[in-house]
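Work out the full structure: start from the sequences and follow the hints.
Chain order of the listed sequences is A and B. So the first sequence is numbered by the numbering used here: it starts at 270 and just counts up by one. So the second sequence is numbered by the numbering used here: it starts at 3 and just counts up by one.
Don't take each hint at face value.
As the list claims (entries may be wrong) - Now the in silico label distances, taken between C-beta atoms and shown as ranges:
1) B:L303 - A:K284: 15 to 25 Å
2) B:G89 - A:E345: 32 to 42 Å
3) B:V327 - A:E345: 54 to 64 Å
4) A:C280 - B:V70: 21 to 31 Å
5) B:P304 - A:A292: 28 to 38 Å
6) B:V339 - A:A292: 52 to 62 Å
Hints listed in this document are in silico derivations from the structure and should not be mistaken for laboratory results. Even for Gly, the Cβ is constructed at its ideal location relative to N, Cα and C.
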Amino acid sequence: MKKIQVLGVGCAKCKALAANAEAAARAVGGAQMEKVESLQEIMRFGVMITPALVVDGKVVSAGKVLTVDEISKFLE
Amino acid sequence: MPPLRQVMVGACAAALWLAFYLHLEAAARWLTHTVLRQSTEQPLGAAVFFFTYETPKVLLLLVAVVFVVGIIRSFFTPERTRQLLAGRRELTGGVLAALLGIVTPFCSCSAVPLFIGFVTSGVPLGVTFSFLISAPMINEVALVLLFGLFGWKVAALYVGTGLTVAILAGWIIGKLRLEYWIEDWVRAAQVGAGADEEHLDWPARLRMGGAAVRDIVGKVWPYVLLGIAVGAGIHGYVPENFMAAIMGRDAWWSVPVAVLLGVPMYSNAAGIIPIVQALLGKGAALGTVLAFMMSVIALSLPEAIILRKVLKPQLIAVFFGVVAVGIMLVGFLFNAVM
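Following this line, the structure appears as structure tokens:
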């Protein structure tokens with residue numbers, strides 16, 4: 270099972286991305302979800318624009334609200 | 003280069019856009035005179051004509067500019083901007099940072115990660131501030147509205163003075179050598195590599211432009227309509243010089259008051275334009291209104307609270323102080339020369 274982390278300090282776009290990530294996780298039959306809201310943690314990923322999406326420890330997107338389909342592609 | 007098919011579609015769309023744009027005035031005149039039977043000599047007719055002409059004009063401009071800016075932004079990620087700025091000398095770096103602030107995607111909720119990412123990778127503090135001031139202050143929606151409602155001179159003044167304030171404020175903060183007022187944990191922060199460079203093709207960039215239009219125009223159109231409606235009302239009814247006594251150019255103290263009033267107010271650029279329109283229409287001086295608008299957009303208490311995570315209070319105070327003085331100077335300058 271893949272691990273999804275959504276990075277963001279609680280802005281509206283971060284919530285939208287988290288919701289899409291959850292939907293994508295359900296669509297592919299489950300994934301481990303985590304919301305990362307601590308600034309130190311976010312910086313450890315080197316992300317400068319939130320929200321960002323991390324799959325299995327790798328930053329796959331920053332600054333965009335990806336659609337459910339786009340996220341699903343990273344989970345296959 | 004974009005593939006031929008996309009160029010063709012783009013050229014057709016641009017031609018159609020231009021055809022609409024050039025016929026707007028005639029259409030509004032026809033609607034006002036022939037359909038609604040109003041004379042533009044009368045207050046009601048003048049207001050109706052103003053609204054029916056300006057609304058589609060500003061919306062068309064907005065869609066075109068936001069689309070083009072969305073495509074331009076697909077070329078400038080924060081990572082690339084940081085690369086361009088790292089290790090620059092202060093003044094050249096500041097000029098570049100202020101310019102990049104216009105085209106790099108930015109949202110105020112990302113100000114802190116961006117600040118840390120810049121400072122820890124060797125972008126000088128002053129250069130970082132030039133970027134952080136210019137990015138929210140020079141906004142494409144405000145630019146379109148100012149161009150549409152007040153003409154290209156006011157729009158150019160807005161960009162020119164915004165860049166100047168961002169460059170000078172950053173330069174001063176850099177010269178003051180205030181690095182020790184950055185919170186200690188920022189220096190020690192472990193900063194990872196970030197996302198890999200995405201390879202975008204032209205269809206993807208065009209989609210990003212389209213997404214920007216849906217996102218931004220979808221959010222700001224009520225403010226735009228409100229702004230134009232306020233403008234139409236003023237155009238038809240409110241006497242000129244209503245505000246002249248307290249915000250006119252003879253009242254020098256109105257500039258600092260406008261800047262101070264703007265700090266606790268927080269609004270995006272689109273929300274402030276209706277107020278700008280109302281104030282200018284009633285005889286307030288351009289410099290005073292411009293100072294008020296810049297203060298509302300560039301200096302906000304929520305931003306100070308966010309930045310408190312990475313900056314000691316003294317540095318936040320210097321940042322706000324320098325930018326506020328810069329904006330006041332812009333206000334005085336305009337009131338003196340216009």
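Taking the hints in turn, this is what the structure says about them:
1. B:L303 - A:K284: 15 to 25 Å: Because 23 Å falls inside the window, the suggested range holds.
2. B:G89 - A:E345: 32 to 42 Å: Holds, at about 41 Å.
3. B:V327 - A:E345: 54 to 64 Å: Holds: the Cβ-Cβ distance is about 55 Å, inside 54 to 64 Å.
4. A:C280 - B:V70: 21 to 31 Å: Holds - the Cβ-Cβ distance for C280 of chain A and V70 of chain B, about 25 Å, lies within 21 to 31 Å.
5. B:P304 - A:A292: 28 to 38 Å: 30 Å, holds
6. B:V339 - A:A292: 52 to 62 Å: 56 Å, holds
Of the numbered hints listed earlier, not one is contradicted by the structure.
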